[in-house]
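Asker: The listed protein sequences correspond, in order, to chains A and B.
Quick note on the numbering used here: the first sequence kicks off at 1 and runs consecutively.
Quick note on the numbering used here: the second sequence kicks off at 579 and runs consecutively.
Be aware that a few hints might be false.
[Unchecked claim] Cross-link-like lysine-lysine pairs, in silico, DSBU-like; alpha carbons within 35 Å at most: (1) Lys248/A <-> Lys555/A; (2) Lys11/A <-> Lys752/B; (3) Lys645/B <-> Lys823/B; (4) Lys80/A <-> Lys11/A; (5) Lys493/A <-> Lys464/A; (6) Lys369/A <-> Lys493/A; (7) Lys435/A <-> Lys398/A; (8) Lys752/B <-> Lys80/A; (9) Lys19/A <-> Lys752/B.
To be clear, the hints were calculated from the coordinates, so they are not data collected in a lab.
Predicted, not measured: the structure shown is a model, and the values here were computed from it.
Chain by chain, the residues:
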Amino acid sequence: MQCVIRNIIRKSRGGISAKEQVVDADILLIGRGNDCGIHLQDPRVLLRHAELTLRKGDVYVAPASGADVRVNGNLTQMVKLSVGDVIRIGPYDLTLEANDQHGKVTIAVELIDALAEDLGLILAQSAIRTGRISLRAMSWAFAIIVLAALFVAPLVTNLFHVSSPSNTLMSRSESNVAAAPTEMWSSGGISAAHKFFGESCETCHVTPFVPVQDITCLGCHESVEHHADPVKFAFASFEGRACQSCHKEHQGNQTIALSNQDFCVDCHKDFAARAPKSELLPVADFGTAHPEFKPTVVTDAALLAFNRDQFISATSPPREDSSLDFPHSKHLRAEGVRDPARGNVQLKCQNCHQPEGGGAYMLPISFEKHCHQCHALKFDVYVPDRELTHGKPEEMFKQVSDVYDAVAMRGGYEEPEAPPLIRRRAGEPLTPTQKKEALDWSAEKTNAILNGRFGKGQCDGCHKIFETTASSGPTGAGWGVEPVLASTNWYPKARFDHGRHRDMQCETCHQAKLSVASSDVLMPSISTCRSCHGGEHATDKVPSTCISCHGFHRKGLDPMKKTAAEAHGPVSKPVAKP
Amino acid sequence: MRESILIYRNHLYLKLAALVSLVATTAYVWHTPFERPNGGTWLGYTLGVVAGGLMIWLAWFGVRKRKYGIGKLRLEDWLSAHVYMGLALAIVATLHAGFQLNWNVHSALYVLMMIVIISGIVGVYFYIRFPIMLTENRRGMTAEVMLTQITDLDREIRQLAMGLDDATNAAVLKASQETIVGTTLFSQLRGFDEDCETTQARRFVEDSEGSGESTSRRQLLTRLVRKEELLKRIRRDVQLRCLLKTWLICHVPFSVAALMALAVHVVTVFYYW
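All chains, please: the whole structure from these sequences, using the hints.
Answerer: Printed below as a string of C-alpha cells:
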C-alpha cells in the first residue's frame, strides 16, 4: 500500500496549507510511536492506536485493543472505509480522500483539538486569589441582623402578645400563657415562685423604662407585714425602700427572699445600741453568736398567763404550769405499762405525739385518742359498762346518780356491802317505803363514788382538784377540776419542721424518759441544734441562716406597704398606673 | 506590623491593661452583694460602663487606622493599646456579667464580643507570623511566577511521556490537564491536596520504574517531583493569604455586630428596668 499523507494545517487567517508525505507499507500503523507510518504527536494518542490494511483494493481500519476509534462519529471495530470517511483518533481527524483500488490511497490528517494552553487551563480551573468580600457590606449586614433579631422582632411581636387578653395574671388559671417574645431580653432566670407568670414580662414591667413599682408587687402580696412595729422601731420600718431593693428578681431558679445572714446581722449584732426599747438579744451567727433559747411557758392555766423569762438551759429552768400531772418517765419506762386489753405494752413517743398534716408540728393530745385506752373512767366494777365523760365534770353528778337510781329501782346489784334491798333479785317490785329507802341509798352511793377513789381520786390522778365550800361545786360533790392549758408551741418566734427532722430520734432533742414532772419543758437548748447546725458560713455543719428559722415579715403586724387606695385616699376615679 | 507592637514602649499598654483588670478583679472580689453578683449592682453598673466604653474605644481603632497623622499618638500606640485593652475587656465584661450566661440578648452580646476578642488574639499571631511565613514560602516568587514555571514543566513532562507507554502517558496527561489549586474556600484554607493528580502521576512513575526507558523515566520523575513541590508552595501561599482574609472577615463584621448588640443590651436592660 502506498499512502499519501497530507498533513493539513489551518492558518489563523483562514488559509490552509498541506504538507505531503508518502509512506509505503503493507500495514500502516497509526499512533504516537516512532514506528508508526502515520505518526500523531499528541499525548492523547496511544503508542499504537490503530492500523490501516488493504484488502482487495479496499482500505480497512482496525483499532488497537482498547483504543478509541470513531469512523464518521461512530465508535467502531474493524471497518471498511469508503472515500470521504473520517476516522477520529484522539484530537486528529483522518479523512480517506482517495483510493484508486490499486493500492494507492490519500489520507488527510488534521489536528482538530489542540491541547489547551497550560497556564490558562490551570487558572481557569483554580482559585489562587482569595474571595472578594466587602467588609463594609458584611458589617452592615451583621449589624442589621443583630438589630432585627435581638431587638426589632421581639419588640414588634410583643405588641401583639401584650394585647392578647389571655395574658393577664388573673386569666392564667384558664390557659397556659405563651412566652413573651421579649423573654430573650430577660437578664436571668425567674425565681421559682414567680415562674408561673414569669414568661409574661408586662405582668411586672408595666411601663417601659420605669423600674418595677411596689404597687405591682402588692397586687398579689398585699398583706406582707412589717418587720417590726413601725411606731416603736421607726428605723426598722424600711420606709421608702422598694420591694425590689431586697427582693431581687431574675437571679435564677431560687427563692427571691434574701437569705444572707449579714443582712439581718447588720442591725441585730449591736441591737441594744440600735434599739434600746427592744428586749431582743444581740445575734451575729447561729453557730457562734446566738442567744440561748427562751421558751414561752404557761405560768397560770386559769389566768391564761404566759411568760418568756428564762433560758431553757438555766440552772433553774423554766417550768410550765399547765395544771396537768403527766409524768413522761412513768409512761415511757423500759418495762412497759399495763394496757387493760393488750397486757404489757412498751409505749413510744409516736403513740401520743402524731404529726399534723403538714408534718411540721404535732397534733394536740386528746384524752379520748391517747389516754382512754388505758385510763377508761370506769367507776364501779359492778357496773362495768358505764364510764364518766371526760372533760365534763358538771355532768358527772347526774351521770352517776342516774346509774344508781336505775340500779336501786331494778335491784340485782351484786356488791356484798350493799343492803339486801338493792341486792334483791332483779326486777322484784318495791313498795313505796322501799322505794324511798332505795333512792336514799342511791344518793348516798353517788356521793361516795364522786368523792371516792373512782371519782375525785380518779380525776386527781392527772388534774388539780379544788375543794369548794359550796355544797355542790362544779361536780355537785363539793369539788372541781382546775382548767388545763398547755403550750402548743414553746418557741413561737421560730419555725421548726418536725417533718424535715423525721429521721432523727425524738429523744435526741426531747429528754422525755427522764422527765418525772409535767412542769418540765422538754424543749432542746441551742446546743442541741448546734450539734448539727452552724451559721451561714459553717463548713462542718449544716449552714443555717437567720431565715432558716425566723421570718422577716412578722405575722401579727400591720401590712408593710400601703395599697394604692390607702396611699391616695378613697378612690373616686380610677388611679393612674404608676 | 511587627512583633514589636507587643513590647511597644516597654510594655506600656500591657501594664495599663493589667492595671484595669486588676482594679476590676479586686473590686469584684471585695464587693459582696446580697444577691448573686450581677450587672445590676452598683459595681455591676460601674463595670458595665467601663466595658461598654472600652468596646466603643476599641472599635474606634477601625476609624483611627484609616486616618493617618491625626492625634498625638502614633498608630503603633493605638495598635498596641488596642491589643492589650481588648484582652482587659474580656476580664471586665466577664466580671460585669458576674459569670452568668443565659439564652438572652445580654449573653448574645457577650458571645459576639468574645468572638471578636478571640479572633483578635488569633489575628495578632497571624500578623506577626504570616508575613515571615509567606516570604519564606515564596522564596522571591509570586504564585503567578510559580504557575508559569509549572506550565513550562508540564510541557517538558508531556514531551518526555510521549515516548513512554500509554499508561504513563495517560497519567502524566491527566496531571497536566487537571492541575487545580484552591477552587473552594475550604480547599484554599486546607492548603494541601495529598491526592493531587500530579502526586498520583509521580507515584505511578515511581512504581513503574524498571519497565524500560529508564533515562526518560528518571527525567520525567525529577520534573514531576519539582512540579509537585511548586504546587505545595502555591497551595501554602493561597492558604496563608486566605487565612488573613478570613480573619479580617471574622474580626471586623463581628465587632460591628457586637457594637449593635451593645446598644440592644443597654436599651433592653432599661426597657424592662
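Asker: Would you check the hint for Lys80/A and Lys11/A, treating anything up to 35 Å between C-alpha atoms as holding?
Answerer: holds, 32 Å
Asker: Can you confirm whether the C-alpha distance between Lys11/A and Lys752/B stays at or below 35 Å?
Answerer: holds, 29 Å
Asker: Given the proposed pairing of Lys752/B with Lys80/A, does the C-alpha separation stay at or below 35 Å?
Answerer: holds, 33 Å
Asker: Given the hint that Lys493/A pairs with Lys464/A, test it: the Cα-Cα distance must not exceed 35 Å.
Answerer: holds, 30 Å
Asker: Next pair to validate is Lys19/A with Lys752/B; report whether the Cα-Cα distance is within 35 Å.
Answerer: holds, 31 Å
Asker: Against the 35 Å threshold, does the CA-CA distance of Lys248/A and Lys555/A hold or violate the hint?
Answerer: holds, 22 Å
Asker: Sort out whether Lys823/B lies within 35 Å of Lys645/B, counting only the CA atoms.
Answerer: holds, 22 Å
Asker: Taking only the CA atoms, is the gap from Lys435/A to Lys398/A under or equal to 35 Å?
Answerer: Holds, because 19 Å separates the two Cα atoms, which is no more than 35 Å.
Asker: Take a quick look at whether Lys369/A and Lys493/A sit within 35 Å of each other, Cα to Cα.
Answerer: holds, 29 Å
When held up to the earlier numbered hints, the structure conflicts with none and fits them all.
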